[in-house]
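Engineer: Protein sequences, first through last, are from chains P and D.
Just so you know, we're using our numbering here: the first sequence kicks off at 1 and counts up by one.
Just so you know, we're using our numbering here: the second sequence kicks off at 860 and counts up by one.
FYI, nobody ran anything at the bench for these hints, they're computed from the structure.
There's no promise every hint is true.
[To be verified] Restraint-style ranges between C-beta atoms, simulated for each label pair: (1) D:Ala-997 / P:Asp-591: 53 to 63 Å; (2) D:Trp-1003 / P:Ile-351: 36 to 46 Å; (3) D:Leu-921 / P:Glu-353: 26 to 36 Å; (4) D:Val-1022 / P:Asp-575: 43 to 53 Å.
A virtual CB, placed ideally from N, CA and C, is assigned to each residue, including glycine.
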Amino acid sequence: MNDEFDPNWLDDSDQPFSADDGMDWLDSIGGGDEQTPDSQDIGKPSTGEFDFETFAFGDVDSDAVEDSSAWLADLSDNPFDVKPTEAPSEDPGAIPDWLQTDSEIPAYTPSEPASAAASEDLPDWLHTGEQPAADVSDLETEAGDVPLAPWLRGADIDEEALDKPAGERDSGVLPSWLQGADDFGAEDANTFQASFDDVQFEVEEPIEESDDLSWMTDADEPSGAQSDELAALLSQGESDAGVDDLLAGLLQPTDTQGEGDVDLLSLLSSDAGEPSTASQGGLQHFAEDDEFLSFDSARLNFDELLGPNPISRPAEIELPESNIPDFLSDVSVSEVSAAALMRQQQEDRPIEELPEELRALLDEGVSAVTAAPGTAVPPPVLISEAPAAKPPPGRRADKGTRGIELMRSITAAAGAAQGAAVKPARVRRGLRYNLPRLIVAAVVAVAVILPFLDAFESLRFVQLPPVLFGEKSPAETAYAVVDDLAEGDVMLVAVDASPGSLSEIGGAMTAVIAHARARQATPVIVSTDPVALVAAQRMIEGELPEDTHNKQIIFGRYLPGDSLGVRDLAENPRDALAFDHDGRPSDLQIDSVADLDLIVIVSDRADGIRQWSEQLQPLVSSPLVFVVSASAEPLARLYADSYGAPYIVGLRDSITYRSQLGAYSGPDGLIGFGITPSATFTATPTPTNTFTPTPTNTPTATDTPTSTLAPAAAQATANALATARVTATFTFTATNTPTATSTATATNTPTHTLTPTNTATPSATPTVTPSPTLTFTPSATFTATSTPTNAPTLAPRPGRRRRCPRRRHARRPRRRPPNQTRPLRRRSRRPWPLAMNWSRLSSHRRASTCALAPARISR
Amino acid sequence: MRLRLGAVLVTALTIGIALITLVGLLGTNIGPISAQIERFGITDFARLLLQFAAVTAAVAVLVGVVNLLGVHLRRTRRRGQAIYSAVLILSFVIVLGFGILPRDNEARAAVDGVQIALETAFSGLVLFSLVYGAVTIANRRPSWASLLFVATVVTVLVGALPVRGLGPIATVADWLNRVPVDAGGRAILLGIALATVIAGVRVLIGQGRATRE
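Use the sequences and the hints to build the structure in full.
Structural biologist: Here it is, written out as structure tokens:
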């Protein structure tokens, strides 16, 4: 290298730099002051959005390059868009104009001083030749505030590789996109540029001391075309064209400056120009390492960095798939921007999963807003205002860190200015609650609560559920079907309702089970929902503790698999019902579902009704009863109509069923819903005298041949019991005196309705009491036969008779032929007194039914 | 066309079992061949398969419970969500203890006081959801369909009230339940039946999702 043209000012780093000393020539390049790398311009957020591209590549403007010379117009405005260098051509058209004319090319003569005219346009440092390298270093300092590509900002520099001539340097330190490239690897450079179009982010890497211009001095002889060209350009001396050529040479990719894709400012300011091998290694590490593929996107605000618009990318450039991160692998930039994609990813992440620094930033922002209500919200801050950690001693401050500090100071100043400009508006608080709404809510609450108080009985304008079911109503049919159960019958109760819905239909369920137990049948509870099974068990235990504890009610096991479990029960009832929910043998002898005498489906959802009906009903001939909620009624009605099955719907039917069953009976008989026992039985008259049949029930004295009955006649006694019940019912029908029926006109008022109720009490008491007594002895048979003899004495006057509507439904014929023996069933261990109690209650109910017939409210 | 041995085996197994189960469950309802089905034990084999499936479903429930516990055990290490997971695990242990070591009616208290109460409360919210939905529909963009929806909801709700003097509305509500609702319900059931048949046929011909992939 010619020593005379050795830029020794590059070696002298101690020389201070003057901003107005010799940098005028940059104005002609950069296109004016606004393009000068001024710290005030770097990264300054203008409208709250951060222009990453400007921030990343400094203030290099393509217009500046175009203004310099015409051939620079061929350069892309993108510093990474490097075209393949063509071989030197003889075509004059490929040569810039100023090169084609000899007169425009200033001849360089090393010994001759520059002309005075030309020297005026040259930088001062070219005049003296002593311009210190500090100029460049200071320029580097300012330009270093901008974030650079990772391989420009640091990384380990391989000194040995730098010492080698450019042509001898190990290609292994080059990035992969440079190693295989012919002719400066322009296409790979474009690929790399495309990758930066897709993903632009910073990778924090510590800066090394070697990241300076020392490589320029260490190189003894710059080899290759670059050094020659640089020397030639420098030798051109004072003309502007020479400066342009110098810059063009720096921009022009050479064999030693493989990338050629750095921005102008970086080339002039810092360690650019020829990336060090260490930087190349860092870049290669960055591009090939897993960190590039799995970096934490949450650490960057891509909305701010990339902006709302998708970043354009040259169509011919494709990034190797191996280098494409996962989050961008199936996304086209032209269709979905990376910012949008990252925005979606970031929105999906809860706050708790954000990194600590982002959460701290968020908390800081929230606290700032809440601390000063009314103040304007500062623009989104990319960098927190907290001071960065001080670099460790002996380590030069990172240029990126200085840039962050600068950004922080700018945003802090902007936020302070806006905060000072906007005064917090005084917010006047109005009423916290809306007064009309409060009034309406209070009125509604009062209207709901007061009717429950007896003092406000007049507010009970809502119709109460009927005491008895309407004639031929589905619920009445259901009651009759359950009432047909006999001792030893097995009733399957399929509970497929949520525990919450049991509050609505649980009353009907327990009433049906109590009714079956009163008929000495055996209820078996199963469910496809384990929670519902437990809830049903608790509810039944609460109402029928004795039957539950005595295992008169069997709680089967949970049937898994929904419809599969139901089908399993239908196909394998012996196995499915072999054990109860506690794992104890159930002692049920069920070989087929056809052995079930009644199936009750308790459900609050359409699916439950559907699966139980479809999987079980086709296999059985037993009657089916639905106990469903009001919400499931429409679908249950469809199946009920198809199967001819009755159904009980909702809370009102539950109350009516219990009322009709007598579950609300007090010590003296049936109690209507909504009427307290004391009010019922204290205010009633005692028309005992009207029931004269009492002395006629004397056959009890004749029932003495108890010993004549053999124990084998127990079954016949049980059968006689049912016959006696039926007979007795009709007998009591005849006992209705005209007094009771004559009050039918007054039944509209509750007062009159209660009156016949009381009349039924004495009538039922004497007549029913002997019937269970007779069931113990064969005299009951005689009682039944003797009933008709009593009937004429109890016959009412013709024309005023009112038959009790009860028992209008004929008893269903037994499904089993008479000659077929009943399979062995679980023996009922219910004590007889309970059966007596049931008979008493049943008689009470029937008598009351007759008495209450005028008061019946049809549904 | 490339066939994988495993996929072919799974498909053949699925089709075979499906056919055996179908024929076995049809049982005695398919005329003269019912006796043959019974004689070859296809019905019993189908019932056995059914029991296998039911047991598998029960085990799946147990596995689900264990998995749920594992997930919440891991979540107890997270900030902000640990309390909920800890409460769930503690509740599980307590209720399990009620079942294993019963003393009194603790389990009943847990079911009645927590489960039923909560579900009842949620059921009560259905009314508010309906009313809110009706108001929202009426406010946003009234159309004939939305007005019809709101009018139907109001009519059915008012018709269900046991208040005297609402006889005409109750009659209209009863008609709505009898005619349009029944028609819609039957349409839904027909759709379910057709979909079930199609799903079954797809399994039988090897086009089910599990066997196709």
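Engineer: Indicate, hint by hint, whether the structure satisfies it.
Structural biologist: Checked hints:
Between Ala-997 (chain D) and Asp-591 (chain P), the C-beta spacing of about 59 Å keeps the proposed range 53 to 63 Å intact. Separation of Trp-1003 (chain D) from Ile-351 (chain P) is about 44 Å and conforms to the stated range, judged on CB atoms against 36 to 46 Å. Between Leu-921 (chain D) and Glu-353 (chain P) the C-beta distance comes to about 31 Å, which sits within the given range of 26 to 36 Å. Taking 43 to 53 Å as the suggested C-beta distance range, the pair Val-1022 (chain D) and Asp-575 (chain P) conforms, at roughly 51 Å.
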